[in-house]
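**Student:** Sequence:
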Amino acid sequence: MNSLFSLQDKVVLVTGASGGLGSAIVDTMAAHGAKVIASDRTDSNTEKSGAVFIACDLSRNEDIDKLVEQAKAVYGRIDVLVSNAGVQGPAGPIGLITDDDWDLVMSVNLKSALRLCSALIPDMAERGQGSVILMSSIAGLRGNKAIGLYGLSKAGLAQLARNLAVEWGPKGIRVNAISPGLIRTPLAIELLENEQFMQRRLLATPLRRVGEPEEIAGVAVMLASRAGGFISGQNIIVDGGTTISDGQ
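Here the numbering used here is used: the first residue of the sequence shown is 3, the next is one more, and so on.
Hints in this document: simulated from the structure, not taken from any laboratory. Do not rely on the hints blindly, as some may be mistaken.
To be verified - Distance ranges between label pairs, derived from CB positions:
1) ASP45 <-> LEU106: 18 to 28 Å
2) GLY243 <-> ARG79: 36 to 46 Å
3) GLU128 <-> GLY97: 38 to 48 Å
4) GLU128 <-> GLY35: 22 to 32 Å
To be verified - Here are the computed lysine to any residue pairs in the SDA-like style, where the Cα-Cα straight-line distance is at most 20 Å:
5) LYS68 <-> ALA57
6) LYS147 <-> PHE199
7) LYS74 <-> ARG117
8) LYS74 <-> PRO124
9) LYS37 <-> VAL54
10) LYS74 <-> ALA127
11) LYS68 <-> ALA121
12) LYS37 <-> GLY52
13) LYS147 <-> LEU98
14) LYS147 <-> ALA93
15) LYS147 <-> ALA190
16) LYS74 <-> GLU64
17) LYS147 <-> PRO95
18) LYS68 <-> PRO124
19) LYS37 <-> ASP125
20) LYS37 <-> ALA75
21) LYS147 <-> ASP101
22) LYS113 <-> GLY150
23) LYS147 <-> LEU194
24) LYS113 <-> LEU154
25) LYS37 <-> SER5
26) LYS74 <-> LEU116
27) LYS113 <-> ARG43
28) LYS74 <-> GLN131
29) LYS113 <-> ILE123
30) LYS113 <-> PRO92
31) LYS74 <-> ARG62
32) LYS37 <-> GLN10
33) LYS37 <-> LEU6
34) LYS68 <-> LYS113
35) LYS147 <-> THR245
36) LYS74 <-> ASP125
37) LYS173 <-> ALA127
All residues carry an ideal CB built from backbone N, CA and C; glycine is no exception.
Take these sequences, add in the hints, and give me the full structure.
**Tutor:** Spelled out as structure tokens, the structure:
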């Protein structure tokens with residue numbers, strides 16, 4: 003497979019691999035030739051891709067360290083990290099969140115990504131190349147009365163991508179974030195079935211539809227492959243135009 007988008011012989015670690023976005027990323031990476039290691043708390047969607055599954059609770063540092071050790075042992079290295087795992091946390095005003103809410107959301111969404119990067123990037127740098135993809139969200143680009151804590155954690159991921167891209171770029175490491183809009187996944191079912199919300203959202207989205215998981219996976223493949231070889235430190239928005247629209 004001699005394509006710009008080929009991932010032949012690349013070893014890819016995907017967290018949050020059992021969810022709607024994660025399973026699509028696992029399948030699409032594998033379809034482009036990658037050897038995929040998939041991680042989540044439970045395995046529900048990775049068998050058909052031939053991925054190697056490793057269970058991990060990303061809220062626990064010891065689990066993350068064990069994941070890194072086990073993932074490296076499978077193929078001897080990690081070429082691409084896709085940090086996709088995340089939790090939404092409680093809905094409501096951000097001033098009402100508890101310390102436990104803060105710790106859980108920040109641990110899973112942001113702290114785990116940094117810990118994985120800190121453990122894996124140095125080995126990539128020794129080989130002179132590597133790609134890290136952090137799953138952010140358009141919730142990190144706008145204010146939100148319902149999921150402010152989630153948005154705060156996702157904004158942190160986009161900034162983490164910029165920081166790491168500057169730190170590790172001289173060693174050949176590319177780090178980017180992806181910010182999806184509304185995507186058709188099981189986690190979005192409540193919104194997708196809310197007629198009033200969907201009417202407003204589609205009116206505010208120039209493409210007049212929601213995104214599909216494969217459309218996020220395609221961007222991840224680009225960033226992992228030679229096709230994205232000169233892209234680093236970017237937060238790529240994949241939202242059908244929602245964030246640039248005047249709502250008409």
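**Student:** So which of the earlier hints does this model not fit?
**Tutor:** none
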